[in-house]
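Trainee: Each chain is listed here by its residues.
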Amino acid sequence: MPRREDHPDRDSQRRLERFDAALRRWAERPAPPPPAWPPARSAEPPSRAGARRAAPRWQLAAASLALVALLGLGFLLRPRSAPPTDGPAATAAAAPVAAVASADEVLVLWLDPETPLYLTLPAAAEAAGDERSTR
Amino acid sequence: MNGGEEGTVARAAGGDEAAFGALVEAHWGRLLRLARSVVGDAEAADAVQDGLLVAWRGLPALRQPAAFPAWLTRVVTRRALARARRRAPWWRRLRPLDEAEGVAAPEASGGDGEIDVARLLAALAPRQRAVMHLTVVEGMSDGEIGRVLGIAAASVRSHRRRARHRLLALLEGKDPHASS
Chain A
0 MPRREDHPDR DSQRRLERFD AALRRWAERP APPPPAWPPA RSAEPPSRAG ARRAAPRWQL
60 AAASLALVAL LGLGFLLRPR SAPPTDGPAA TAAAAPVAAV ASADEVLVLW LDPETPLYLT
120 LPAAAEAAGD ERSTR
Chain B
0 MNGGEEGTVA RAAGGDEAAF GALVEAHWGR LLRLARSVVG DAEAADAVQD GLLVAWRGLP
60 ALRQPAAFPA WLTRVVTRRA LARARRRAPW WRRLRPLDEA EGVAAPEASG GDGEIDVARL
120 LAALAPRQRA VMHLTVVEGM SDGEIGRVLG IAAASVRSHR RRARHRLLAL LEGKDPHASS
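So the protein sequences, as listed, match chains A and B.
Sequence positions in the first sequence follow numbering that gives the first Met the number 0 and run 0 to 134.
Sequence positions in the second sequence follow numbering that gives the first Met the number 0 and run 0 to 179.
Since the hints were made in silico from the structure, they are not lab data.
We put the CB at the ideal spot given by N, CA and C, even for glycine.
Treat the hints with care, since some could be wrong.
Stretch by stretch, here's where chain A covers chain B in the computed footprint (C-beta under 8 Å, at least three residues) [unchecked claim]:
| no. | stretch |
| --- | --- |
| 1 | 67 to 76 |
| 2 | 116 to 126 |
| 3 | 130 to 139 |
Can you make the complete structure from the sequences, with help from the hints?
Mentor: Encoded structure:
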């Protein structure tokens, strides 16, 4: 029964009541019989379906581990550039962290054979009037 | 729910297909009527079948066999609602009143104008159709309907109120959504 607070108008109430009655009649039409169970498409028993649901998680974890392992291996086996054979870097190769003073009063520190760190000495640079440089 | 059905539910939860088939037979008519209201005659049987498959797989998780009828209704209703939402094209969602064009209004006075229930339901949002069916046909309370649909009882009342306003406009031949 439509609630009166929704539609206080009597005509509206009557219309909605007629709709409700029509809806009940329409809903009570004969229904076709139920299909056989299980249906033609796949319907595994609940226990088996549950086990199958668990499997993807295990497989996902294994795939993730394999991916991490591959990435790690790739990082370890990555091709590295040959160490410099001449110049200040070659000198520093024997001592990975070394300080070499260049002729331009720029101190060069070799963090590793491939990574120089340049430090300009301020006092010497001002006296000589050299332009500073950072590389 | 009687004790006999609880035993059947327990057996079905253990993988007994025949037991679940018996449950399907017992609840099929009720579920089909509900699906007809939500998705229409053409897709009702498919919608119920979808819901039954979901129920079959999820049945071991049902802790209280006595709650099976309400739980099954909830599963099938939600599958039907999802199907109804997927089916509607976006433009129809913007102008659902298009489907109500040409709906015959009852005769002005004393006539028994036939009400085209299917077309009137099609003019409502899927959830409104479900609320109307569960209210009018199943006679469920707002709380029960809310549990089936996963919404609060106040939302159920709101859906029903909007559905009735819409139905009334259609029955009176008015079009509140017509653009000026």
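Trainee: Work down the list of hints and note, for each, if the structure agrees.
Mentor: Against the structure, the hints:
| no. | hint | in the structure |
| --- | --- | --- |
| 1 | 67 to 76 | violated (count 0) |
| 2 | 116 to 126 | holds (count 4) |
| 3 | 130 to 139 | holds (count 4) |
Hint compliance for this structure: hint 1 is the single one not met.
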